Amino acid sequence: MNMDSELLQIIGVTLRMSFFSTVISCLIGMPLGVLIGKSVFKGKRTIKKLTGTLMGLPPVVAGLIVYMLFTKYGPFGSFGLLFTVEVMVIAQCMLIIPVVINLTESMTEINAKKLIETAKGLNFSKLKTSLLLLSENKQSLLSVVLTAFGRSIAEVGAVSLVGGNIQWKTRVMTTAIMLETNKGNFSFALALGIILLLISFVVNILASALVREDEE
Amino acid sequence: MIKILNLKKQYGERTVLNIPELTVNKGETVVVVGPNGSGKSTLLRILAGILSKTDGEVLADGEIYYMPQQSIPFSKSVKENILFSAKDSKEIEKRCDDILSELSLSHLANKKAKKLSGGECQRLALGRIIINQCDFLLLDEPTSAMDIEGTEIIESVIKKYKQETGCGILMTTHSPKQAKNLADRVIMLHEGQIAEQGSPDELLSNPQTNWGKKFIDMWKIDT
Chain A
1 MNMDSELLQI IGVTLRMSFF STVISCLIGM PLGVLIGKSV FKGKRTIKKL
51 TGTLMGLPPV VAGLIVYMLF TKYGPFGSFG LLFTVEVMVI AQCMLIIPVV
101 INLTESMTEI NAKKLIETAK GLNFSKLKTS LLLLSENKQS LLSVVLTAFG
151 RSIAEVGAVS LVGGNIQWKT RVMTTAIMLE TNKGNFSFAL ALGIILLLIS
201 FVVNILASAL VREDEE
Chain B
1 MIKILNLKKQ YGERTVLNIP ELTVNKGETV VVVGPNGSGK STLLRILAGI
51 LSKTDGEVLA DGEIYYMPQQ SIPFSKSVKE NILFSAKDSK EIEKRCDDIL
101 SELSLSHLAN KKAKKLSGGE CQRLALGRII INQCDFLLLD EPTSAMDIEG
151 TEIIESVIKK YKQETGCGIL MTTHSPKQAK NLADRVIMLH EGQIAEQGSP
201 DELLSNPQTN WGKKFIDMWK IDT
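Chains as they are written, first to last, in the numbering used here: chain A, 1 to 216; chain B, 1 to 223.
Keep in mind that a hint or two might mislead.
[Stated by the list, open to error] Below 25 Å or equal to it, Euclidean Cα-Cα: the simulated SDA-like pairs (lysine to any residue) are:
1) A:38 x B:214
2) B:26 x B:73
3) A:120 x B:18
4) A:44 x B:117
5) B:112 x A:111
6) A:120 x B:83
7) A:114 x B:132
8) A:113 x B:12
9) B:94 x A:123
10) A:120 x B:155
11) A:126 x B:80
12) A:183 x A:208
13) A:126 x A:147
14) B:114 x A:48
15) B:76 x A:48
16) A:114 x B:26
17) A:128 x A:183
18) B:76 x A:130
19) A:48 x B:11
20) B:214 x B:75
21) B:53 x B:21
22) B:111 x A:208
23) B:159 x A:123
24) B:114 x A:109
25) B:111 x A:111
26) B:87 x B:35
27) B:162 x B:198
28) A:120 x B:77
29) A:114 x B:27
30) B:87 x B:12
31) A:126 x B:159
32) B:115 x A:129
33) B:114 x B:135
34) B:112 x B:135
[As the list claims (entries may be wrong)] Each pair of labels, with its calculated beta carbon distance range:
35) A:147 x B:55: 28 to 38 Å
36) B:62 x A:127: 43 to 53 Å
37) A:40 x B:5: 17 to 27 Å
Simulated from the structure, these hints should not be mistaken for lab results.
Note that the structure is a prediction, hence the values are computed from the model and not measured.
Note that CB positions come from ideal geometry on N, CA and C, so glycine has one too.
Extracted from the complex, chain A is given alone in its bound form (with noise of 0.2 Å):
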């Protein structure tokens, strides 16, 4: 095995798992941001407080309440996902999830009001009010989606805590600049932070061609 092709499995990996905490993070935050946004209920000033707080969960605290939840006499032991792409995903949703809920309740908040009158006096079904919603906040939307990619490819704190880095299963871009720093190899170290740059940066241009083309 040479250099290269371990440095493509960290990459994988590291797209792999942003890829499945951000998709996961927003199938289940978004819809619960639009749902607190839109609704007046009681508790509503508790649970925004609640997501603002767990927006600032320290990511090592993060990661050892799931190495607590996942390790071999654990609740959930039993799966063997300790050590595994798995349950850094499962610790990257746990940091992420609260970020989506906040943001998207607070765009929400600002622009649905106006949108939901208009719909609910055009007699909309709520299925399409909520549709209409997402598709006319589409670029805040994608600002939130990338905010949470943003935060995952970063994440270093949990991911070393319940992944190990372990060489060829669990070993990411953050880990191994971690990894290759302590052993003093900063070229490469600094090599593999360019190389995690440019990949957020190349997301970020796929993510403006995205909502160039919808505001054309």
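Once you've looked at the hints, dock chain B against the given chain A.
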């Protein structure tokens, strides 16, 4: 008809609407007038189901459509906005083209609705409503901030639609001319209560209460 009984809306201790009884019949246009904060929009928003009422009953024997003061155009073309709002797809293209022509929007049919001017947006908002067969129309200041030509277009479309469908209309306005032009009955709201009601000629020329007289005088000066 729409029948309102003992309708109340309160925010804490403050009562913003208190209407013991009000009826809007099919085929009738009722225009609600009054100063800002008198409860005009609150009344319409409760009837449309946007706002909850504190107390009372609202009965309606038909489908109610509502055009808010600030109706948001969807991120589609003008024509797509109207088609998207239609419930019934029967002869929809033809109906849509007719409506665009009535509202003088045919030349803008393929333009992005978000790029329309304020007046064009209001005409589009009416178009999205009247593509449907409504039993009752609630219009919240449909010509606010609109020029004379746009106002005339909206008023003639409202009249034609009522004639064709026999729907009942409850609308608010700040224009005495519009009230005279469209209303079968005018209701004057003051601090959430009906201060006066009657035919436009009756009410505008001979208000019965001191407050009504003051309001009509101010209204005449303003316009």
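Check your understanding: Are residue 112 of chain B and residue 135 of chain B close enough, with their CA atoms no more than 25 Å apart?
Key -> violated, 30 Å
Review point. Within 25 Å, alpha carbon to alpha carbon, are residue 76 of chain B and residue 130 of chain A?
Key: Holds: residue 76 of chain B and residue 130 of chain A sit about 16 Å apart, inside 25 Å.
Check your understanding: Going straight from one Cα to the other, do residue 113 of chain A and residue 12 of chain B come out at no more than 25 Å?
Key -> At roughly 22 Å apart (the allowed maximum being 25 Å), residue 12 of chain B and residue 113 of chain A satisfy the hint.
Review point. Given the proposed pairing of residue 159 of chain B with residue 123 of chain A, does the C-alpha separation stay at or below 25 Å?
Key: holds, 22 Å
Practice item. Sort out whether residue 48 of chain A lies within 25 Å of residue 114 of chain B, counting only the CA atoms. Key: violated, 31 Å
Check your understanding: Within 25 Å, alpha carbon to alpha carbon, are residue 115 of chain B and residue 129 of chain A?
Key -> Holds. Residue 115 of chain B to residue 129 of chain A sits at ~22 Å (cutoff 25 Å).
**Study point:** 25 Å limit on alpha-carbon distance, applied to hinted pair residue 111 of chain B and residue 111 of chain A
**Key:** holds, 22 Å
Point to revise | residue 40 of chain A paired with residue 5 of chain B, Cβ distance criterion 17 to 27 Å | key: Roughly 25 Å apart at Cβ, these two residues keep to the hinted range, so it holds.
Point to revise | Restraint status (C-alpha distance of residue 126 of chain A to residue 159 of chain B at most 25 Å) | key: violated, 31 Å
Practice item. Compare the distance between the alpha carbons of residue 120 of chain A and residue 77 of chain B with 25 Å, and conclude whether the hinted pair is satisfied. Key: Roughly 20 Å separates the two Cα atoms, so the pair holds.
**Study point:** Satisfaction of hint between residue 123 of chain A and residue 94 of chain B, Cα-Cα up to 25 Å
**Key:** holds, 22 Å
Check your understanding: Is the hinted pair residue 111 of chain B and residue 208 of chain A satisfied, with a Cα-Cα distance of at most 25 Å?
Key -> Holds. Residue 111 of chain B to residue 208 of chain A sits at ~23 Å (cutoff 25 Å).
In this structure, the hints that do not hold are numbers 1, 2, 4, 12, 13, 14, 15, 16, 17, 20, 26, 29, 30, 31, 33, 34, 35, 36, in rising order.
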